[in-house]
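> Using the supplied hints, reconstruct the complex from the two chains, each of which is provided in its own coordinate frame.
Protein sequences appear in the order of chains B and C.
Here the first sequence is numbered in this note's numbering, starting from 6 and rising by one per residue.
Here the second sequence is numbered in this note's numbering, starting from 1019 and rising by one per residue.
Simulated from the structure, these hints should not be mistaken for laboratory data.
Watch out, some of these pointers could steer you wrong.
As the list claims (entries may be wrong) - To give a feel for the contact side, a few chain C residues facing chain B, derived at Cβ under 7 Å:
hint	residue
1	P1173
2	L1184
3	A1198
A virtual CB, placed ideally from N, CA and C, is assigned to each residue, including glycine.
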Amino acid sequence: MVPLTHYLALGAILFLIGAAGVLMRRNAIMILLSIELMLNSVNITFVGFARQWADLTGQVFAIFVIAVAACEAAVGLAILISLNRDRQMMNVDEINLLKW
Amino acid sequence: MTIPFPQIHWAYLLPVLLVVGGAVFVLMWDAFFPQRERSFLVTLTLAVLASALGASLAAQPGSEAASMGGMYLYDGFTRFVFALILLSSFFSVLLSAAQRSLEEVPAGDYLGLILFATSGMMLMAATRSLLMVFVGLEIFSLALYVLAGFLRGQPEGNEAALKYFLLGSFASGFLLYGMALIFGATGSVDLMEIAQRLTTSPPSRSPAFLLGLGFVVVGLGFKVAAAPFYMWTPDVYEGSPTAVTAFMSVGPKVAAFAAFFRLLLAVGPRAGAELDAILWVMAVLTMTAGNVSAIWQSNIKRMLAYSSIAHAGYILVALAAVRRGSDLATGSFLFYMLVYALMNMGAFCVVVAAGARGEERTRIEDYAGLGYTRPALAAAMALFMVSLAGIPPTGGFVAKFYLFSAAVKVGFVWLPVIAVLNSVVSVSYYLRLVVLMYMREPGEAPARPGLLGPGWSYALAALVLAAAGVLNFGIFPSSFFELALRSTLLLN
Chain B
6 MVPLTHYLAL GAILFLIGAA GVLMRRNAIM ILLSIELMLN SVNITFVGFA
56 RQWADLTGQV FAIFVIAVAA CEAAVGLAIL ISLNRDRQMM NVDEINLLKW
Chain C
1019 MTIPFPQIHW AYLLPVLLVV GGAVFVLMWD AFFPQRERSF LVTLTLAVLA
1069 SALGASLAAQ PGSEAASMGG MYLYDGFTRF VFALILLSSF FSVLLSAAQR
1119 SLEEVPAGDY LGLILFATSG MMLMAATRSL LMVFVGLEIF SLALYVLAGF
1169 LRGQPEGNEA ALKYFLLGSF ASGFLLYGMA LIFGATGSVD LMEIAQRLTT
1219 SPPSRSPAFL LGLGFVVVGL GFKVAAAPFY MWTPDVYEGS PTAVTAFMSV
1269 GPKVAAFAAF FRLLLAVGPR AGAELDAILW VMAVLTMTAG NVSAIWQSNI
1319 KRMLAYSSIA HAGYILVALA AVRRGSDLAT GSFLFYMLVY ALMNMGAFCV
1369 VVAAGARGEE RTRIEDYAGL GYTRPALAAA MALFMVSLAG IPPTGGFVAK
1419 FYLFSAAVKV GFVWLPVIAV LNSVVSVSYY LRLVVLMYMR EPGEAPARPG
1469 LLGPGWSYAL AALVLAAAGV LNFGIFPSSF FELALRSTLL LN
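Isolated chain C (complex conformation) (with noise of 0.2 Å):
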């Protein structure tokens, strides 16, 4: 028997190779090389997925978008996918540098744990097979349970881990066994292929196929943290160092909804109304409870883990329009990504920058007159809460109009309506802490800018581009909007 060796396009497989190379390689050159400084590997870890989003951008998407039987899937969605995912990690890895607390772990373990979880959230990005996409998403979340726990001294970190591993694990559990069950009603695991028995012979009405559908959604649902499954987000954001918890606001996010949007464009105009409905609830509950509790929290990590709570239930609202056949909302999902994933790590970045070594600053009181011990710091922060709340002219503003009205051109009344309500009553907090910044006196001995350390460059470097990147898309958003919008026309 003779087995066929599969085509292979090296040039649309290189970003994945790189940074599966750069994680082996960073791993191992620790293990020999221990005495050797962080500043070197943190260096080589920016540069591999710094060449990683260049040969991405590179390399055009062709005809030949699939290789592997649909196992790996490059066109422009994974394009745009790829980039996003490369710029969560390339911030995250600029805030681990500079967060204090992280310098004396391991360096190459960290960061090759970093890389890891990188490939696995683009190969499960970019793939229509949803064996790639559990492999994937177990990737990644293998590294991040670890990284969760990564401060091994700190109780919180472990706690963390444990509930983001068991929680975790069991929502894998029933991601797999939806996804059993649709390999049972359909033959197959690819979306492609299960699209197309869908349409030929309707299996779409049987009870194994919806529950299957169901299953997927609840699990996919728990990587995204929608309603009612983001129970753990929270806890988790609070309990992991903070550079990690910026990764796992954007990455994770990013990857769990491109999978989301490739099983949607698949299977979702022949699954029915059901799920619309669920959509719909799940959009509604998920931005509802984001921003409600999102009021009352006292730790500024909790506060943002409930606000991206809230922003994947904005997104949800793309993914509803998306089930009705909006190419104009998988457009206006990729750009609110990349807003998303900028001012996102930018408050991060502020939190890490702000905190000192063996003092966080994770309490909301803490940033009280943070406007006049630390201006600049309190401007950039100011600035990521104004596009966190959509308020223009910055890019949260630009991202949210674009994703609401691709909803409205579906023909969504009440969700958008309740999108923007939710916008106005998350207005509340973002400003809060504005307000604590400029309004009142600094609490305690103003914390010196020295206290920082060696990382500073990092986290000025960070927060330099969110901030730009920011500025620019709210006031220049069209050209990158008509790349969002060009990325999806090969889909499918």
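So that you can see chain B by itself, here it is in the shape it has in the complex (with noise of 0.2 Å):
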């Protein structure tokens, strides 16, 4: 049997990745991508406590997260296409007509 540490390790080691990677990618697909796998480990961390506390909730959760990072994905897409349809661009350095 995995134990819960394998579980939240992962997880914890996912979120890690995915926040460095939203703060160093450049790439606007690459951050949207980033920003995946950081609800992702928290899915895995929420099942593994679910199983650790035998609550169904934890389960649950993951659905919801799932089910809204998919809203997301859309919605940031349908974001990017537009923005690439006006100046042809996936670099989120060279969007600076507002100061940043």
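Structure, rendered in structure tokens:
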């Protein structure tokens, strides 16, 4: 049986990779993927804890997170397409009309 | 296996149902009858919001406040917060109808998104389940990301939407990870159960719980634009359509602060002094950063963005007092939000009304001499600026007075002092605009009131409502303040 700490460690490592990706990547699509990685690390953590407490709430929470992540991807990609039509680029450093 | 049907109090649920139903109806109507006049949908949306407001005022919260296992909570606090959220949506629909650059957008999509965002804010404020806090937050955030970039032809709007979306989702990740850790430490996502478990078997000192609480504070701090997570605010406020900016500066803040209050009321007294220090530092940083940055702005939307950051800092003072168990602070928070909603909406309404088709007046320089060309508009702006600065006899002064005195009563000394000093600093940039309007000659050819277009009646209604409210709360505050105080009675 896989102990709880494995789930938590995996979740924490994925979360850190995701957060580092958001901060260091410059391509907007890669940032979006990094955010998805963060959300999925949350799911692993939730499911691990749900098993620990023998409480389904954590798994239900994970399903809600998956649903919201799908909506977020849809809205995010739509915004990216709209921006790309406008200016033909994906690099967040070039998005500087407004003072950053 | 039988699944028991949860107990549902329909009268309590009615305000949310009305808003969601209205959103679907508005969206569908525009899809089936696209050639209908825009004013019909605007009137319909206003009617939906007004009836939801009526329904929430009519539903007296009783002893059975919680339905669906605490997922939906209807108490006095919820009722007051619902009124605040619906009021701010009402104003933003009025402003959207008045704004010339929004005339060409598909009205059904736009108004539907405003209503969906409203429902998300209501759900986020009316729950003690962390799951619903998250779902409500995402409902209104996703709608607002789209609304920020609704004018697709404008590069600034697209940019604001992208920045808001990327940073908002990043913050959601932190919020969720924090919720997962809190669930892991306590075994529940229900704030009441979490509070109980913290008292019986104290995991409140466990690193997982404190780390989780910290992450949740980061996530919520982002949504209310508290330091050091406010960097997105000026850019997003500047790039979004002005009516949407007005909505963003009030509605999400009310909802996120309401959730923040419920969290602190439940776990605050048991979470220890670390939280006290964090809130203290956040409050001081937020109001100082907001006020100092606002002084240098040349764009009025950016200035109002920094001003809203400063006001979030004042409200964090109330949060710190709530953690020490002050009911007075919760009441002052509700009253403050009411006044803040009116004066901020009023100020944005002047920005909308001063603009013309194709050229919005967003530079502060554009307001030079407005007192001569558009005296009524300038007088309204002066009133809102005086109120935002917190000068009597306006509502802004009374609200700040209640808020800071609540902090003094629970033993804070330096926090209220720093807050008052900050208010003094803020006078400089608020009154700079007033001076500019009255003491300088108009720079360009005066804009004729006719440029406002067919939406002027909406702008007028919003201005009169906001100005009357700000003056009323400044001169006769007591009845509404008592209402706010009574709204906190049933909490926990």
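> Does each hint hold? Answer for all of them.
Outcome of the hint check:
no., hint, in the structure
1, P1173, "5 Å, holds"
2, L1184, "6 Å, holds"
3, A1198, "4 Å, holds"
The earlier numbered hints are all upheld by this structure, with none contradicted.
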